[in-house]
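Taken in sequence, the protein lines are chains A and B. Just so we're aligned: the first sequence equals residues 0 to 341 in numbering that gives the first Met the number 0. Just so we're aligned: the second sequence equals residues 0 to 401 in numbering that gives the first Met the number 0.
Keep in mind that the hints were calculated from the coordinates and are not lab data. Certain hints may be false.
[Stated by the list, open to error] Derived SDA-like pairs (lysine to any residue); straight-line CA-CA distance at most 20 Å: (1) B:Lys189 <-> B:Ala241; (2) A:Lys196 <-> A:Glu276; (3) A:Lys196 <-> A:Gly268; (4) A:Lys196 <-> B:Arg137; (5) A:Lys196 <-> B:Leu122; (6) A:Lys196 <-> B:Gly130.
[As the list claims (entries may be wrong)] What the simulated footprint calls covered on chain A by chain B, stretch by stretch (three residues with Cβ under 8 Å from a Cβ of chain B suffice, anywhere in the stretch; the number is not a length): (7) 103-115; (8) 143-149; (9) 325-337.
This one's a predicted model, so the numbers in the text were calculated from it and none came from an experiment. Where a beta carbon is used, it is the ideal one built from N, C-alpha and C, also for glycine.
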Amino acid sequence: MKDQPLSILGVGCVTALGREWETVWQKICAGVPPEPESLPCPGSLPVAVYKTALPGVPDAISARLRRSGPISYLACAAAADAVLQAGPLPCGRTALVFAASDGAVSYTRRFYEEVVGRGAGSPLLFPETVYNAPASHVAAMLGLDGTVLTLVNDATAGMDALSTAADLISSGDADRCLVVAAEELDWISCDGYRRWKLAASGSGDGAVLAEGAVALVLGPPSASCVQISRIHPGRTLLRHRAAGQTIRQVLAELADGATPDLAVLSSTGSRTGIVEESLVRECFPRARLLFPKRVAGNAFAASTLLQCLCAWQELQCGGQAIVPVLGSSGQVGGAFLKGPEI
Amino acid sequence: MGTARSAPTTTSPQTCPVITGLGCLSPLGCDVPSTSVALEAGADGISRVRLFSVDSFQARTAGQVPEEFEANFKKLHGGGAECSRAAKLVFLAMHEALAARPEFVPEVVVAGTTSGGMDFGELFFRGQAAGMTQRMARHWLRGYVPQQPVLEAMEAFGFDAPVRVVSNACASGTNALCLAAGLVRSGRAKRAMAIGFDGLAELVFAGFDSLRASTTEKCRPFDSARTGLALGEGAACFLIEAPDDVPRSVVRASVAGWGFANDNHHLTQPEPSGAGPRLSMERALADAGWTGVDYINAHGTGTPFNDSSEAAAIRAVCPSAPVSSTKGMTGHALGAAGAIEAAFCVLAMEGGFLPPNINLRETDSGLDIVANTSRSARLGRVLSNSFGFGGSNATVLLEKVP
Chain A
0 MKDQPLSILG VGCVTALGRE WETVWQKICA GVPPEPESLP CPGSLPVAVY
50 KTALPGVPDA ISARLRRSGP ISYLACAAAA DAVLQAGPLP CGRTALVFAA
100 SDGAVSYTRR FYEEVVGRGA GSPLLFPETV YNAPASHVAA MLGLDGTVLT
150 LVNDATAGMD ALSTAADLIS SGDADRCLVV AAEELDWISC DGYRRWKLAA
200 SGSGDGAVLA EGAVALVLGP PSASCVQISR IHPGRTLLRH RAAGQTIRQV
250 LAELADGATP DLAVLSSTGS RTGIVEESLV RECFPRARLL FPKRVAGNAF
300 AASTLLQCLC AWQELQCGGQ AIVPVLGSSG QVGGAFLKGP EI
Chain B
0 MGTARSAPTT TSPQTCPVIT GLGCLSPLGC DVPSTSVALE AGADGISRVR
50 LFSVDSFQAR TAGQVPEEFE ANFKKLHGGG AECSRAAKLV FLAMHEALAA
100 RPEFVPEVVV AGTTSGGMDF GELFFRGQAA GMTQRMARHW LRGYVPQQPV
150 LEAMEAFGFD APVRVVSNAC ASGTNALCLA AGLVRSGRAK RAMAIGFDGL
200 AELVFAGFDS LRASTTEKCR PFDSARTGLA LGEGAACFLI EAPDDVPRSV
250 VRASVAGWGF ANDNHHLTQP EPSGAGPRLS MERALADAGW TGVDYINAHG
300 TGTPFNDSSE AAAIRAVCPS APVSSTKGMT GHALGAAGAI EAAFCVLAME
350 GGFLPPNINL RETDSGLDIV ANTSRSARLG RVLSNSFGFG GSNATVLLEK
400 VP
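With the rest of the complex left out, here is chain A (with noise of 0.2 Å):
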C-alpha cells in the first residue's frame, strides 16, 4: 500500500441533524439522536427513519434540477457548500468523483412500477435513475470538464471515491478532486434493507436508515491542513471465519505502527458494529471512539464520508484518528488521518 495523501481544503453536508457543519457537529457530540419517523411501507412493516428536508441549491442547477429526485438536490448542495470553503476550484484541473451505494432508488421504484403497472414507464423519470446523474448536476453546477466518475458498492465506496481522488491527484491528472456521497431514502429501499436486517428493527439494535450527503474538496497534501494520509485499497470477507482477522489487518496495514488518538466507527450496533468496535478497541486501546451514525443514521456512502468529517474535525488542532468501514457486501476498508503540524 503506497500512501497518496491528500489535504482536506473544504467540506461540506447536508444530512437530517442540519446543514451547518458546526450544528451536524454538537449533535454527533452530544450523541442524542433525533426522533426518528416512521416511514409507512406498502403491504410490510413501517421502518424507522431519518428523511432530510430538501435543501436549497445554487441557481445555477436549480432550473435543471426540476425533474431530479432527492439524492441530486442533496448531491449538489453539499458540493456547493464545499467549494464555498475551499474557494474557486481550478479551471479544467478539478476533477469529481460521486460514491453511492442505492443512487437514485426513489426514481427507479416509480420508472418500475410504472412499467409493471401500465406497460411503459414516463421518460421524465428514467434519464434520472442512472447511477451517475447526480454527478453530472455536480459538475454541471460547478462547470467540470474533466474526469467525472461515479462510484457504487456498499458503504466503502465513500472510501473507494477517496482513494480514486488520491490517485487522480498523485498521477498528476487533477490538482483537487471534488468527492460527493450522497443516499436518498424510499420505501422500497427501506423495506429491503429492513428485510436484509441491515435497518433498525425498533429494538435498539442497528442504525436508523437516513439520507444525506456529504462533500471533501481534496488537494495535494500540506502540512497546514488536516490529511487523509493513507487510504486502504479494500479487502472482501469471503470467508466469515477468517473475517476478524482480515478485519485486524486491515487496522494494522491501516495505521502502519502508529498508535491514533481517536477511532470514528463505521459501526451502527449491529452484530457487526459489535465486532468492528470489540477489534478496534483490541488494536487500539488507548483510542477515543466515535460512532456519528449512532446519531445520525446510517446513509451508507455518505455516512462514510461523514465519519471522514468527525475526523476532521477533531484533529484541528493536531493528532491521528483512524476510520474503519465495514460494508454490508462484506467489504473492509478504512482511511487514516492526520493533523496539521502545529
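Assemble chain B onto chain A, guided by the hints.
Coordinates of chain B only, in the frame set by chain A:
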C-alpha cells in the same frame, strides 16, 4: 488520463500496461474465438427479446448473448437460478480471461456496469407486491447491488481483492479498463483486472423505449436514415499487468493511453458539436503521445444525436481513420459496451481486419465508414470511444505489441 496532465507523459509500448488475458461474451458469441469469427463476418446478433415480454413496448429487439451461455455457466460453475444474469456473465468472462493465465491473482478489480444485477431488483420489486419469503427477499437484494456479480465471481475463483465499481452510464466499461490500467501504469498495482458487464433487463429496456431512443427496425449506426439503438448485453474481462513482469508471448495488446471528458450539456443528449467526445479523444491521444490511429471503434449507437455528434468529433480529430460501430451487430451493452468493444479492437488487431459497420445504406457522417463487410488491414494503433448519459465521454487507445 482525464484532464490535461500537468506534465504530459508520452508512453511507449514498452512502458504501457499490457493485456495478458481476455474473456468476452456478447451477442456475437460466448467466448473470444467464436466472437472473433462472428465479428469479422459481420454477424447480426440482434433478435426479438426472449427474456421478458416486450408486447407493451415499441421496440421488440435486442442483442442477447447466445442461450448456450446458461449451459456453459452450469457446467463450469455448477449453479444456475441462484445467480443473476449479470453474475453469470461476469463469471464466464472472468473464467475465460483467467484460463489464459491461471497464475494471475489481481491486486484490484475495477468493474464497470450501469445496472448490476437488475433482474434480481425486478424480482424483489415484483415479490414485494406479490409476497415473498424473507430468504428470497434477502437473496434478490444481495444479487441486485452492482458489486455483487463481481464479488460472487471472486468467491468462485477464490481470490480476495479490493473491488471498485464504476457506474458512469455507457462509458463505464471504458472507464473501468482505463482506471485499472492507470493503477498498473502508476505502479499502484502490478496486476489489475478490469471487467465491464450488463445483462439485459426489463427496466432498462423500458427506459430506452420510453425515451424513444430504441429503434423499431434495424440498428443502423452512422446511416443517414438511422432511427435509434438496439440494446445489448454481455461482459468482457481484461487481465492487465506491468509489461516488465510478463513474457511477451502472453501479451495481447497494450493500453497506450486514455482520456475522459464531461460535457455539461444535457442529462441524456450529447452536445451537438461533439465537444465532449472531441476533448476525450484529444486527451487520449495526448496521453499516449499519438497523432493518429489506424482504426476507430466508434460509440455509434445509431441514434440521430449520438452519431452526428461523434462524427463531428472524429472529423475534427482523426478525419481519415477508418471507423465502424459494432453496435449494429451487438446492440448497445451499456456499461459492458466499452469493455466489449475494446475486446473487439484487440481481436481486430490480432486478426488483421476492420470490423464492419453493418446495416449501413448511406451515410452522412463524412467519415470512412467500414460499410457492411470487414476489410483486411494491418492494425497497430486503435481507438475506442464510449459515451454515456450525464455527458460522460471516455476514449481508450490500444496498441498491438510486436
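Outcome of the hint check:
This hinted pair checks out: Lys189 of chain B and Ala241 of chain B have alpha carbons roughly 6 Å apart, not beyond 20 Å. The straight-line distance between the Cα atoms of Lys196 of chain A and Glu276 of chain A is roughly 19 Å, inside the 20 Å bound, and the hint therefore holds. Of the supplied pair hints, the one linking Lys196 of chain A and Gly268 of chain A holds, its CA atoms being roughly 12 Å apart against a limit of 20 Å. With a CA separation close to 9 Å, the supplied pair Lys196 of chain A and Arg137 of chain B stays within the 20 Å bound.
Proximity of Lys196 of chain A to Leu122 of chain B is assessed by CA-CA distance (about 19 Å); at most 20 Å being required, the pair is judged to hold. The straight-line distance between the Cα atoms of Lys196 of chain A and Gly130 of chain B is roughly 18 Å, inside the 20 Å bound, and the hint therefore holds. Evaluation of the coverage hint for the segment 103-115 of chain A: fulfilled, as 7 residues show C-beta separations to chain B shorter than 8 Å, against a requirement of three. Closer than 8 Å: that is the beta-carbon criterion, and the segment 143-149 of chain A has 7 residues meeting it against chain B, so the requirement of 3 holds.
Counting residues of the segment 325-337 of chain A whose beta carbon lies closer than 8 Å to any beta carbon of chain B gives 4, which meets the minimum of three for the stated coverage.
Checked against the numbered hints above, the structure violates none of them.
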